[in-house]
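**Q** Quick note, the sequences are listed as chains U and S, same order. Note that our numbering numbers the first sequence so that position 83 is 75, with each residue one more than the last. Note that our numbering numbers the second sequence so that position 38 is 30, with each residue one more than the last.
It is possible that some hints are incorrect.
Because identical chains cannot be distinguished in the list, a pair is counted as satisfied if it fits within a single copy or across any two copies.
[As the list claims (entries may be wrong)] With a Cα cut of at most 25 Å, we get these calculated SDA-like pairs of lysine to any residue:
1. 89 - -2
2. 11 - 101
3. 11 - -3
4. 11 - 152
The set of hints was computed from the structure by calculation and includes no laboratory data.
Number of protein chains: 2
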Amino acid sequence: MTTLGLVPAKQGKAVFLRKGETIEIINTHGNQVLDTWAYNAHDVTEHMSMEHTRSVNSTIYANAGDLFSSNRRRPMLRFRKDTSPGKHDTLLCACNKELYTELGCKEYHRNCEDNLREALKEFYLTPPSTPSPFNLFMNVITGVDGEILRSPPAAKAGDSVELVAEMDVLMVFSSCPQDIKPVNGPACTPSDMHYRVLPPGTPT
Amino acid sequence: MTTLGLVPAKQGKAVFLRKGETIEIINTHGNQVLDTWAYNAHDVTEHMSMEHTRSVNSTIYANAGDLFSSNRRRPMLRFRKDTSPGKHDTLLCACNKELYTELGCKEYHRNCEDNLREALKEFYLTPPSTPSPFNLFMNVITGVDGEILRSPPAAKAGDSVELVAEMDVLMVFSSCPQDIKPVNGPACTPSDMHYRVLPPGTPT
């Protein structure tokens, strides 16, 4: 059994994956949203793109079996397993400091956009922009008129997903610090998340 | 009457708008999709963001009356008038050279992503990445299971939209060069588009 890695509540974490490795992401306490990005580890101008992924897969949702495309339309990640109720979001932005100002915060509030920057700093990288994130466990559906309906995550403690690296990738996670709206559950209490890197060939 | 500007078929064009000015965009021959971006004219790290706009407006569609937000969650454009059937897309990527390779092109094919770069070059600017575009007149709806359904544009010759600048903006348009799929109508023939800049206070 490989060691568990931690994405601390409200913080970011970058993880390098070699092609063929799988990352298992565990919603340790349930209810938590994890904003997720992936970069080509050898050229960070190539990154996972929600708009290209939607174009390739012709759906606004992300389900086990799907491939995630880069902005150069190459497969970056394969979504191979999902023990959660399968509610994840491809439509919404990462939260940023301006969003918290909008919500009434007078002082700095931790946010997913800055978590991305902090996490990449460990690798001496500065992203020129914030790609649209894949929001794991974020329970967003659209209504018949295209309205975006947000519900608290449906993921229970211990639910997990598995993503396989289709190239060498630098993944970045942010355990979303949202504690004003019930994005991370009705308790509005962001929590730790865990992950495990599985070697190539690990069965699902 | 102000002069008509041209966005040539398959090409890009950048247009500077002062706060309060309106740009009227005319689907001259009907059927044509126009990929659209907007940058803060004084700081191009701030740009119109589809993911923030969806977050603010809580819809995947864009309708007359809506505001478009920047990646710093400030209003950039106001969608004040639409004489077309109102089908526009916020979900899909700009086409790029890799997309045309995927469609079987052996040689370079003009594309909206490179049109963005070319258009900004006139202003001595190089975008570090391609923001997700607002695809004017692109007829994309989602089905009940979130599937993305593409139809040829519903816009007829002469249909137009009006966008008001809520700050000084540099707008970029690309008359989409897609001539393999019927994105720009069943004839697969991209066409010229026109625009007119209207001074502040021009009635709708």
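**Q** Please go over all the hints and tell whether each is borne out by the structure.
**A** Results of checking the hints against the structure:
1. Taking the closest pair of Cα atoms, residue 89 and residue -2 come within 25 Å of each other only inside a single copy of the chain (24 Å); across copies the shortest separation is 39 Å, beyond that limit.
2. Proximity of residue 11 and residue 101 under a CA criterion of 25 Å is satisfied in neither setting, with 35 Å inside one chain copy and 30 Å between copies.
3. Taking the shortest alpha-carbon separations for residue 11 and residue -3, only the intra-copy value of 19 Å comes in at or below 25 Å, while the best inter-copy value is 49 Å.
4. When the C-alpha separation of residue 11 and residue 152 is checked against a cutoff of 25 Å, the pair qualifies only within one copy, where the shortest distance is 21 Å, while the shortest distance between copies is 48 Å.
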